[in-house]
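2 protein chains.
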Amino acid sequence: MGKKDVTIGIDIGGTNTAIGFVDPEGNCLYKTTIGTKGNEPADKFFKRLKEKINSLIEETANELFLRGIGIGAPNANYYNGTVEYPPNLSWGYVNVIDILQKDYDVPAAITNDANAAAIGEMKFGAAQNMKDFIIITLGTGVGSGIVCNGQLVYGADGFAGEIGHTIYDPDGRLCGCGRKGCLETYASAGGIRRTVLEMLGTSGTQSSLRELNPEELTSKKIYDAALQGDRIALEAFEFTGKVLGTKLADSVAHTSPEAIILFGGLAAAGDLIFEPTKRHMENCMLNIFKNKVKILPSALQEGDAAVLGAGALIWNELEK
Amino acid sequence: MGKKDVTIGIDIGGTNTAIGFVDPEGNCLYKTTIGTKGNEPADKFFKRLKEKINSLIEETANELFLRGIGIGAPNANYYNGTVEYPPNLSWGYVNVIDILQKDYDVPAAITNDANAAAIGEMKFGAAQNMKDFIIITLGTGVGSGIVCNGQLVYGADGFAGEIGHTIYDPDGRLCGCGRKGCLETYASAGGIRRTVLEMLGTSGTQSSLRELNPEELTSKKIYDAALQGDRIALEAFEFTGKVLGTKLADSVAHTSPEAIILFGGLAAAGDLIFEPTKRHMENCMLNIFKNKVKILPSALQEGDAAVLGAGALIWNELEK
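The listed protein sequences derive, respectively, from chains Z and D. Just so you know, we're using my numbering here: the first sequence kicks off at 1 and counts up by one. Just so you know, we're using my numbering here: the second sequence kicks off at 1 and counts up by one.
Simulated from the structure, these hints should not be mistaken for laboratory data. Accuracy of the hints is not assured; some may be wrong.
Since the list gives no way to pick one copy over another, a pair counts as held whenever it fits inside one copy or between any two copies.
What the hints assert, rightly or not - Below, computed lysine-lysine pairings styled on DSBU-like, alpha-carbon distance capped at 35 Å:
1. Lys102 with Lys292
2. Lys102 with Lys290
3. Lys52 with Lys3
4. Lys290 with Lys44
5. Lys290 with Lys4
6. Lys290 with Lys37
7. Lys292 with Lys4
8. Lys44 with Lys292
9. Lys4 with Lys220
Bound-form chain Z, shown alone:
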């Protein structure tokens, strides 16, 4: 029996790095993880990563045939093959593709996690057969990947797709990027936390969230409270959807996507976030765009999505 063609998908996160094979049908095989160890220098990390890759390849040598390596990583640049000064890793400027291609004689490509997620949805998920869509990742930060004419938009410098850093309110919340009022300061896990803290301060409304100290207040606890009808929690989701929907109306005016896919932690809140986002987006949109743009959840298996996206990235290159 012939071997099965696969790519390796590698998702480098701040805490863990997930590695798995991805077959042409979008199955994730032999998935495993290593610690990323953010304060470790890049060369040590890549030594450990290669050991893990080698043992995976060895283990599956009779069964799988490696066609390429795809990587999703913070501050990754597709054109340069680099990771450039990632905020939570002490790597500085690292050419990841050079490092990998010293040892592996297959094509490799890298991009940031949101772009990898976009390609994952296009090949295997909610955006199959779509030529124009946007993915928004609502996690610790807010990332985005934009697809136009069936191609991911990397822009002139490889860093396109930073919708999380479009400005909702120029006098608004301080963002990690040093500016004020970025979408990310409202529509991320930390953003909804800040919204609840503000609301607890400004309103007198009763809320079970008042019993938590600010350290304990997580987006998960806000979600649980909302499910139980807590008014502050419900208002916080409503406000988050308002901010997100307002900014997405601007995004639609740029690239007029068929759909916007919401992905990541906050998207798991389902209708609590989808309904107000959709309502406010429709409300803010130019007439010609109204009632056209779907807001969809990711259709990738939750735990595998990042590895599938990274694996899809290189499948996509191989098909070019």
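Fit chain D to the given chain Z structure using the hints.
Okay, now just chain D, sitting in the frame of chain Z:
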């Protein structure tokens, strides 16, 4: 001697429709105009247009060989070949490509004027050799054309590129589109007029513009006053650049263009608009994008730009 290959470029404006041949080097030949007559039904307009096209073709039959027809028009849809309920024409929904291809056996394509301008700049103007750029047309309204990966972005529905209708201030000025605070209400010819009127009302600053009645106050007069150092006029350009630069920073976060080209009436004010736009854009931009994005004037011959853009549209299709 062989005949020269040309396309016809047709720019349908609210008042006049310009028609000319466009050669592969971007020269505009035999340009002429007819009145658009906005309250005339579409079939009458196209009857007159065809008569003009026929006489142009007849006149040049020994010299030129027609390869295609490109049209720029308000509310035009590239995918459908239609003009759909244009605001200043009583046409309703018209399939322009069907109408033209009944009589002319050459490829034809239509898009809105800003998209046509983008393709004109890409083929013959300031964006030659660029794969990622944005054009902003600052005229009666604010239009835009977005190019990513060397292709114009039409979006899922053919209406992408409405940066003029992204929101600067949700509580801001009423826009012709029925919403509030669109970029167009600030950065258009009418927008700077509104800015001056507001400033004349709210400040006590001396200004030659106070001598004009509101009917006489045009963007040209504001420009002339600014050149003479009028403080209100200068402040109005500063504010216009602030609004435009702030919103362009959001656009950069979407598609990370190599350049943004400013085109049309207000762009003719040169440094008065370019300098504050660039300064505020840089100020509002995410760090990774700073000092990368050029703001450029159009490089198309002013009077011919719209016809060149329309002619370039179909040259671009022929080369696909």
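Notebook entry, point to check: Which of the numbered hints are not met once you compare them with the structure shown?
Noted result: 5, 7 and 9
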